[in-house]
Amino acid sequence: MAKHFGATVAVKDVDLTVEKGEIVAVVGHNGAGKSTLLRCIGGFETPTRGTIAVAGIDVNPLTVQVARRLGLRSVRQELSLPTSLSAVECALLIRGKRMDTWQARRHVERSIESLFGEMFGRDMPNPRQHLTNWEFSQRQLLEVCLAFLDYKEGCRVVLLDEATSALDADITERLLRWMRGISESYGVAVLISSHRLHELVGLVDRAVVMADGLIVGSAANENVTEAKLVELMRAGMVQARARADSRVAAEGSGGARDKPLSVEHSQSERRDGATLIEVTNVAIHPSVQGATLRVDAGEIVGIGGLEGQGQSELLRWLYTHLGRRNTPISRIRGASVLRRSARRDSSAASRPGLVTGDTRREGVFPYWSVRWNTSIKARTQLGRLGVVRSREERSVVDALLGELAVKGRPEQNIMELSGGTQQKVVLCRALLDRPTVLLLDDPTRGIDAATKDEIYRLFMDLAKSGVGLLWYSSEISELRHCDRVYVMRGGYTVGELKGGEVDEQVLEMSFSHA
Amino acid sequence: MSRVAERSSGVASRIARHRALPAVVGAIAVWVSVAIIGDGSVFGTLRSGATVGAFVALTGLGQLFVIAAGNGNIDLSVPYVLTLSAYVASGLVNGNNAAVVPAALAVAGIGALIGAVNATLILVLELPPIVGTLAVGFVVETIYLEVSPHVQGNVGSFVGTVATGGVSGVPYMAIIAIVLAGLVSLVLTRSWFGRQVLALGQSRPAAELAGIRSGLVTFATYVICAVSASLTGFLLAGYVGGASPDIGASYQLGSIAVVVLGGCLIAGGVANAPGVLAASLFITLLVTLTDLIHVSAGVQQIIEGGIIVLLLSTVGKERVRVT
Amino acid sequence: MRFLRRRDVAAVALALALFGVMASVQPGILTATGLDLTLLGMVPLAFAAVAQMIVMAGGDIDLSLGSAMGLVNAICATAFTKSVWVGVGELVAFVVGYVLMGAVIEFRRLPALIVTFAFSFIWLGFALVVLPTPGGVAPAWMTQLFSYSIPGIPEPILLLVVLAAASWLYLQRTRTGRLIRSLGNKRLAVQQFAAHPFSVRLRMYLAAGVVLVLGGFSLTAESSSGDPNSGQSYLLLSIAAVVIGGGDFAGGSSWPIGAVAGAVALGFVSSLDSFFQISANLLFALQGLLLIVALGLRRAEVLGQWLFVRRRGDREEGAVTQGVLPGEGT
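In order, the protein sequence lines correspond to chains G, V and C. Residue numbering for the first sequence is 1 to 514, as defined by our numbering. Residue numbering for the second sequence is 1 to 323, as defined by our numbering. Residue numbering for the third sequence is 1 to 330, as defined by our numbering.
Hints listed in this document are in silico derivations from the structure and should not be mistaken for laboratory results. Every clue listed holds true.
SDA-like cross-link-like pairs, simulated, lysine to any residue; straight-line CA separation at most 25 Å:
no. : chain 1 : residue 1 : chain 2 : residue 2
1   : C       : 186       : G       : 100
2   : G       : 228       : G       : 501
3   : C       : 186       : G       : 130
4   : G       : 20        : G       : 39
5   : C       : 186       : G       : 135
6   : G       : 152       : C       : 175
7   : C       : 186       : G       : 63
8   : C       : 186       : G       : 133
Covered by chain G, according to a simulated footprint, are these stretches of chain V (three or more residues, beta-carbon under 8 Å):
no. : stretch
9   : 189-199
10  : 206-217
Restraint-style ranges between C-beta atoms, simulated for each label pair:
no. : chain 1 : residue 1 : chain 2 : residue 2 : range
11  : G       : 102       : V       : 25        : 57 to 63 Å
12  : V       : 43        : G       : 395       : 41 to 47 Å
13  : G       : 395       : V       : 295       : 57 to 63 Å
14  : G       : 133       : V       : 205       : 24 to 30 Å
15  : G       : 249       : V       : 123       : 55 to 61 Å
16  : G       : 132       : V       : 250       : 37 to 43 Å
17  : C       : 89        : V       : 295       : 22 to 28 Å
18  : C       : 198       : G       : 107       : 28 to 34 Å
In this text, a Cβ means the ideal position worked out from N, Cα and C, and glycines have one as well.
This is chain G alone, in the form it adopts within the complex (with noise of 0.2 Å):
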């Protein structure tokens, strides 16, 4: 099977079989493929080439409607049910009958606490309260809850994508084991896709591991630990790069590091060593548990780590910090943004930029042409009054534009552009009020290799004129890019790389339990 979407690739070709009653786990890192696996398997996405057969039986198209009648239940980490209804109003929707008299909602209510606190050893909350009264990681537990609600009956593939993730290890632990006896039982099987590596140990019969749209390795029973893993997820890693460096040197494109940069620098304004930012322990609820970190300028220091560690958190906490003191900013007159001559004044942007990965949600503005996106920043220097210096607006943005080689007319509406060309213009709209601190939050996400090579060239052009950046990656390989690494894990930065070739050390730090 796989799946595109446009031009990305999530997988690749996957041929998976899952057996009555196995528990079979799939790993690996940020943007493997676990997730759009599981989706097209529980019908909420469509695969873009392959099948997908239910006890033998090919469906097409599988829709998650049809999905839930073959048995087969997903629990994802968005949570789908509606906070409006009570937990005994989830499980009585579920089930399907019309009307319900006392006597069977009585009997659902009990069945489902006594499942809860088998499952998790724990008390459900009130099941009758509307769901918006329970906290986000009880709603978890209850949609998982609910998905094993019919485990004697008709449930036959439970897929828990992520499902986990947000859970105490306690909780985990007993689930997993409950899972277990009920899967030996009445064959149930259950497809979970994990991070926490060590609490598959010991539990699940097959953990398959994904990198890069591929299945690369397995082990089964008592093979499966979470060295075993992480070898095989560096493996699969070391075989993405060399494939995608292959593809590279055929396509002869260049690679970041490769070419030589040809952008001029009149005066690099490097200020070396001036410290940029500098954060030592701090914690922001609930995310972020311990974080110190240092950005110099000139740097590319970069954050690694699984997804949902903190890194987001922290890059958004320092941006609404670092830009408290708002100093004014001096007129742009068409001076490159990559060439800062002397002439410019000194009191820079204290203002950091912040690009995130999101662009749809948080970046672009849909209806707008590639400008005005653009200039909406640099409202201060590109007004008079309040009014729109027009001829100002064009020309400095139309230079900054074509600086970055942002393909398109400055005049088209951005959606016409692709996704990587929508984020280089959210780039420009970060950069053109000269920021001294550039924060980035996953930028390339989802954005064509190309374009991904374009946007390297530019951070370290931007980092040899004297900006400080500071950049999540949630795609090891990236990291290569950067002077410095730290890598976070559940809230704390654990540890520090220097630059290089840092994948594998990345890849295990992300893991490793402490």
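With chain G fixed as given, assemble chains V and C onto it according to the hints.
Relative to chain G, chains V and C alone:
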């Protein structure tokens, strides 16, 4: 994922015109029908339609800012503000043309105050805009109902002429509406305030990341809307020749309808001032047309409603916004 | 004590409080006839509120409600004089049209606000066709239906209780009701319950339409005649009643008891002017204030928790050094 298209969509204003197209076509179609069926002068109909439509257009232009800011913002207090202003203006001017300017300032001030209250309830108390503005509207209604018996006088001959008269066949109100629409267009495209409003309506997270102060901008839009409603009330009093409690009735949903039919998205982010003009004309002439066909009042209403639904189905298809 | 936290308790308390206030000023209403008279006027509003609540539970809002009730009123006052079947037929046609409105909203994913606004003209139009000027006669059986009384219990109370109970049962205890509440909360959530958003929305408008028909009946019975514009005031009041009763625009929330209580409270407010020497105009302000207060109180609860419970916000430990800017020297 977005597709890369070969053809370009052109400048923002081209898109704007595009969205107003159904309203413009509708207006022309209705006008032509009126001209054919009616026996009055072709331009006479246009004249009266433009005059009456101008009032709705003015309130629509104010409402446009609120709706363009997106995020569920809407102002249901417009008719009440309008009616109150009509009374206050009548009372303050009391036939004395010299008092017009101070009265206008006072009325605008009242509008600004009400707009500020609206915005405060919505931003601070986090009332949903529909409820907040409605509640304020109710309070305002009480105020003018209390005030109305004590108000005598009218807004004077000057305002009366402005509201009803014209120059070389073009009604003053139409001119005012056109000029204001042009001004609003300029603000939306050429001023940073306007751009901030539109940015907020398109994507609040992106706007806030770009440093836009969403609270302040939203506040300003409510003030603008209320002030435009109040000044419209002033002028309307001149047109009607006085103030009455139900003078504002049709502006409740009328101000919203012309905004949406004119090509603005109810979700915000896209605004079209010329479209508001076209839609106002369209709705006004539609009433004239249905009058002409000599159908009963009931059928008139059905036709009007039906046409709006039809128009909505062409215009109102919201772009599938990614949440 | 947890029961006190329910959102509709405030509305019920408010209704009772207002009743108490009125009773203290005019003890006459404590009699069966007194209650009857006072409450009778609230019944149509209660139906309107329940219909609006159903629509809001599904995440929409119905701005055509006033005109719709006027239409039902007009039909009742005219069609039944010809024959029962004509009346039934016209009412069924209305319900079908109402469901069609819901279909337009869902099918084209149009904003309910505007579509229902447009349909308000259509309903009004039909009402004017059926009954061009106020008049007509309420069918005798309808008036009788609403003046049926069990000795001791005024009919309106009975009706209100039954209405609240029935709508509560529908939304809380039937599959469709739960699906409607899911639809309003997370539109696609209904898929996991093996339902389609389109069919759920249609059912929702069907239910609301039926309630509106019943509301129109009560309106006709109360006024004994027909007037196409008679429903106009119910629109905004129905929204207010739902909101006071605990509902919100987020969709999915449904507080039937609250909606009915809110309608009663607003009804009391409407009749305050005859009890006290206050200007009738003040009523509007009071209704507006009531809305603000009711919602403000809800926020206040959240605010209070925030103030008095130790805030778990940006707890920041550790040090942050603002960087040195290039050009500022080291």
